[in-house]
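Visitor: The chain contents come next:
Protein chains: 2
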Amino acid sequence: MVDIALLGSGGGMPTPERFLSSLLINYKGRKILVDCGEGTQVSMKILGWGFKSIDVICITHGHGDHIVGLPGLLATIGNSGRTEPLTIIGPEGIENIVNCLRVIVPYLPYEINIIENPSESLYISGLTISALELNHSTPCIGYSFYISRKPKFDQEKAILKEVPKTLWNTLQRGEIVVCDGKKYEPSMVLGSERRGIKISFITDTRPISTIIDFIKDSDLFICEGTYGKNKDLDKAINNKHMTFAEGAELALKGGVKELLLTHFTPAMVEPELYKDNAASIFPNTILGEDRLIKTLVFRD
Amino acid sequence: MVDIALLGSGGGMPTPERFLSSLLINYKGRKILVDCGEGTQVSMKILGWGFKSIDVICITHGHGDHIVGLPGLLATIGNSGRTEPLTIIGPEGIENIVNCLRVIVPYLPYEINIIENPSESLYISGLTISALELNHSTPCIGYSFYISRKPKFDQEKAILKEVPKTLWNTLQRGEIVVCDGKKYEPSMVLGSERRGIKISFITDTRPISTIIDFIKDSDLFICEGTYGKNKDLDKAINNKHMTFAEGAELALKGGVKELLLTHFTPAMVEPELYKDNAASIFPNTILGEDRLIKTLVFRD
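Residue numbers (UniProt numbering), protein chains in the order written: chain A, 1 to 300; chain B, 1 to 300.
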């Protein structure tokens, strides 16, 4: 089980209705923040999930509407009593951006480790974080977060493999045991792999084909829908963003379970008016709003 | 007549109840912004006074709660269509801070002129802006804004000085006229100086004695009151801030007309509970809240 909260659902500039790009993932009490636009701290304060337990901050790119809130948040995390290191992941150039922004918060009571454009998946705070280079007007990466699920205990298999009953619990916990000169491995008492929970977060970008594989089978695909109207496709192309319909096409091709559109242009006052432009392509579409919370569970 | 709006009345971190330090001054449609904490743009959007006409941004100091919103605001001002240069005033070091923060908004359609710790008053957008070095944990300056008032036309004086009636209007507008070989000056038809409107803004600092002269006779003295309780004086001393009572003492000694306390610590949920700690010293005290608007007029 994992909880997510969309802290800000707007793009460009913060408004009274929508703060800027930010998503909080809460897994077993540890937090991963994705983007930190203006208003992130206010939404976090309303949610009340706490600041101290943020272990990782994933930044999609260095445009103001995705990162302005970062230095203030880093200060608040410091004031919350955190002393353990914090990891910031971002695209190429993120280290310089973070270091520049820290001109206003030079002293923090914890270390910051910065990882630029990771080419391999990272296992942090119980999740596997993967990144994908996107196609925006500045280096930008999308993220996926995968929570693996332990296989079930398989009693028939354990008996077949002649595993002593006294070892079943230990092996089930994932430990290897050597007993009476024989080596017992967890796979001897466990069933086949089970699907975990996958969340993907794609903003800001044009709908490039590599996204489809990257978001494959996501339980929740959070995707930018900067423009609701289909006829704003030219704006989407010029500004390297997507329309609702383009986000829905990706969701369909990626075989995701649910699409959550976000990052709406402030010029679009009522995104609901255009929801059908996505839902007619991918029915299980919901529109983002600030502090929308979802709990994702393992499917059976 | 001048309008002011307190855009954010909190200190430290933004909360759902209070955005961070920011004040907007609107004089004849031109705007001066003082500080730009997180949430500034949201309050501005609610107010609806516009972004394009911000000519000057005065920053008190480079702590996050006073400047985090700056890069986002600069982008929004750019998107509003502004192409005229914009002036940023701040303490020593502000140029480096602004340049660092601009890592996320490197391209703007207007020039930025930066003035560090001005030793002389500046006349911009119809106001005279003065700065005073304060005593905080980082270089910090307070500001005063003065709108001068033209003297009244003095008919008796004009007749006494034998000014031809045909020149009265021109001289009253402030122009010098040479007529029939004789030089006429505005002072020949104008009465004595009249007091203008003075607004002063002092945060963050300990209550140093130079503040008293600097805020002298202000119509509105906007002052930090980070701590409401008198017994938090030790915290105020340690963190280089002020209590409500200290702000009120300054207001009293400065002979100001009205005191507006702001920059409340987020730990103080109900500043109203401590209002009397200021009002018992300086009765004409009001407590800041986000988007509190005041219209100041010339006194007669």
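Be a bit skeptical, because a hint or two may be false.
Because identical chains share one entry, a pair is satisfied inside a single copy or across any pair of copies.
Using 27 Å as the maximum straight-line C-alpha spacing, the simulated DSSO-like pairs for lysine-lysine come out as follows [said to hold, decoys possible]:
hint, residue 1, residue 2
1, 253, 165
2, 183, 216
3, 231, 182
4, 182, 229
5, 229, 45
6, 182, 240
7, 235, 183
8, 52, 161
9, 240, 52
10, 240, 45
11, 294, 45
12, 165, 229
13, 52, 257
14, 216, 157
15, 161, 235
16, 235, 52
17, 216, 182
18, 165, 240
19, 229, 152
20, 161, 231
21, 235, 45
22, 52, 216
23, 157, 231
24, 165, 231
25, 52, 182
26, 45, 275
27, 294, 231
28, 28, 165
29, 216, 45
FYI, nobody ran anything at the bench for these hints, they're computed from the structure.
Visitor: Any of the earlier hints contradicted here, and which numbers?
Guide: Of the numbered hints given earlier, those the structure breaks are 1, 2, 3, 4, 6, 7, 8, 12, 13, 14, 15, 17, 18, 19, 20, 22, 23, 24, 25, 27, 28, 29, listed in rising order.
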